[in-house]
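Chemist: Each chain is listed here by its residues.
There are 2 protein chains.
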Amino acid sequence: MKNIFDLAKSNPIFKGIDCSDFKNILDSLQASIFSYNKGDVIMLAGKPRRFGIVLSGTVRVTKEDIDGNLVILADIPAPGIFNEVCVAAGLDYCPHTAYALENCEVVLIDYGNITASHTADSRFQALLLENMLASVANKAVILDQRVEILSKHTIRKKLLCFLELQGRGAKKFTIPYNREEMARYICVDRSALSHELSKMRDEGLIRFQRNEFEIM
Amino acid sequence: MKNIFDLAKSNPIFKGIDCSDFKNILDSLQASIFSYNKGDVIMLAGKPRRFGIVLSGTVRVTKEDIDGNLVILADIPAPGIFNEVCVAAGLDYCPHTAYALENCEVVLIDYGNITASHTADSRFQALLLENMLASVANKAVILDQRVEILSKHTIRKKLLCFLELQGRGAKKFTIPYNREEMARYICVDRSALSHELSKMRDEGLIRFQRNEFEIM
DNA sequence: CTCCAAATGTTGTTATTACAACAGACTTTC
DNA sequence: GAAAGTCTGTTGTAATAACAACATTTGGAG
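Protein sequences, first through last, are from chains A and B.
Oh and the first sequence: position 178 is 178 in this note's numbering, straight run, nothing missing.
Oh and the second sequence: position 3 is 3 in this note's numbering, straight run, nothing missing.
No copy labels: a pair is met if it fits in one copy or bridges any two.
Below 20 Å or equal to it, Euclidean Cα-Cα: the simulated EDC-like pairs (lysine to aspartate or glutamate) are:
hint: 1; residue 1: Lys152; residue 2: Asp65
hint: 2; residue 1: Lys157; residue 2: Asp189
hint: 3; residue 1: Lys152; residue 2: Glu181
hint: 4; residue 1: Lys157; residue 2: Glu203
hint: 5; residue 1: Lys152; residue 2: Glu164
hint: 6; residue 1: Lys152; residue 2: Asp189
Hint data in this document are derived by calculation from the structure and do not stem from the laboratory.
Here the structure is a predicted model, which means the values were calculated and not measured.
Let's have the full structure, built from the sequences with the hints guiding it.
Modeler: See below:
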C-alpha cells in the first residue's frame, strides 16, 4: 500500500507541490483524510462547501434529473477530484450526491480555505488555485465538446463528430467505451447507434472492430 | 464616457480589487488596453496564450465547426471576459476567433503572467485566479445544464427542462430569447418548437405569450 | 470444448422530428 | 396609417430515431 503522500502527489490538484510540503498544506487548509467503505455517502445534495480529492479507490457522483431519474454523472477514480466545479461556481444548491463506489480515501477541503481572503499559508494558495482552475477549465472543454456532439441532428453526424474528437486527428484509434456507454454519451438509442455504424461501414465511411475505429 | 478604471472595476475578473491598485496590477501583468473598431479581429485560432477582458463594447466569439459551418459561440458585452477557458485548460489549439462586434476596448493578459510560477506582484495573484476560477466554473455549470437539456430525446422534454432551468423555481418568468434563438439553444427546428409549445399549451402544461412563460 | 452471459448487430413498427411552404400577428418606418 | 419586414404559429410530408424483439458474435468459466 502506497502512503498518503505518494497518493496525493499524483493528484493534479497538487501538481508542482513538493512532497515535503504536503503535510503543511493539509494543516493550513484544515483538511483531513477520510476513509470510506463501499457504499458510504461522502457528500449529499445541498449548498456545496467542500470539494474532494480522491487518493485511492473510486467515488461515484450522481444526481436526480428533472424527471426523477438517477443519473450517473461521473466515476472518479484516484487520482481525481470532485465537486470542485460547484464550490468554485459558488452555487447555492448543488443536486449532486457522492458516494464510495469502492473503498476509498478522500481529502475534503473547504473551498473557503483556499480562497484569497483566507489568511493562512499563502505560498501554495496560488498554486492550488491554478491547478483547480486547470481542472475546471478542462471539464468545461469536455462539456463543450459534448454540446457540439449533441447539437447535431442525426445519429450519423453525432457519430462523426464524436469519432473525430476521440481520434484527435489520428485516423486509427481505440475508444474507451462499449456501445452501450457510447450510446449514452451521445444520447441516442444503442441499437440505432449500432445500425448507423453498420450503414456507415457499408458506405465505406469508416471501419471498425469492436472498439477500434478507423475513419476513411 | 466612463474612465478605464471604472470600466474595469465592474468586471468580475477584478472583483475584490481596489480601484487604486488597478494600474499596478496592469503593470505587473504587463497588460495593455487595446481599442478595436467594429469588425476588427482580436484573436485568431491557434495556441491560446492570452485571455481578454471586455471594458466596453461587445466581442463576438465564433468558431468553425466540424462540418465547416461558422458558429457563433458567444457575444461578450462589457463587463465580460473571453478565451479564459482555453488558456486555463492549457489547450494546444483553440479553434475560436474573436472580433469586435461593435467598437470596443479590451485588456489582453498573458495567462502565464498570472500563473503561480510568475514572480511579479503576488498580492493580487490569488484574487485574480479565484475570480477566473469562478468565471470558468460558472461556464462549466451553464454547459452542464445545456447538456442536460440536449440529452433529452424529445422536444417536449427538452423544452420542459429548458423552462425549468430558465424559471429557476419560479412559475412565471420571462426568457431572454426569441423562438429562433431558443430553438438554436436547444438544438431543434424552430417551427417544430413552436408547434410543440402550442401542443403543450393546448394540453394545459404551460401558458405563454411571446417571451413570458408560466409552468402550470 | 461446451455452455453461458454479455455485447453487438439486425429488422420491423411506431413515434417524433426536420424541412418546406405558407399564414397571421406584431413592429418599425416612413 | 399603410407598407415592409420580422417574428411566430400552422400544416403536410419525408426523413430519422426510438423502441422492442430477436439473431449473432464474443469472451469467459467450468
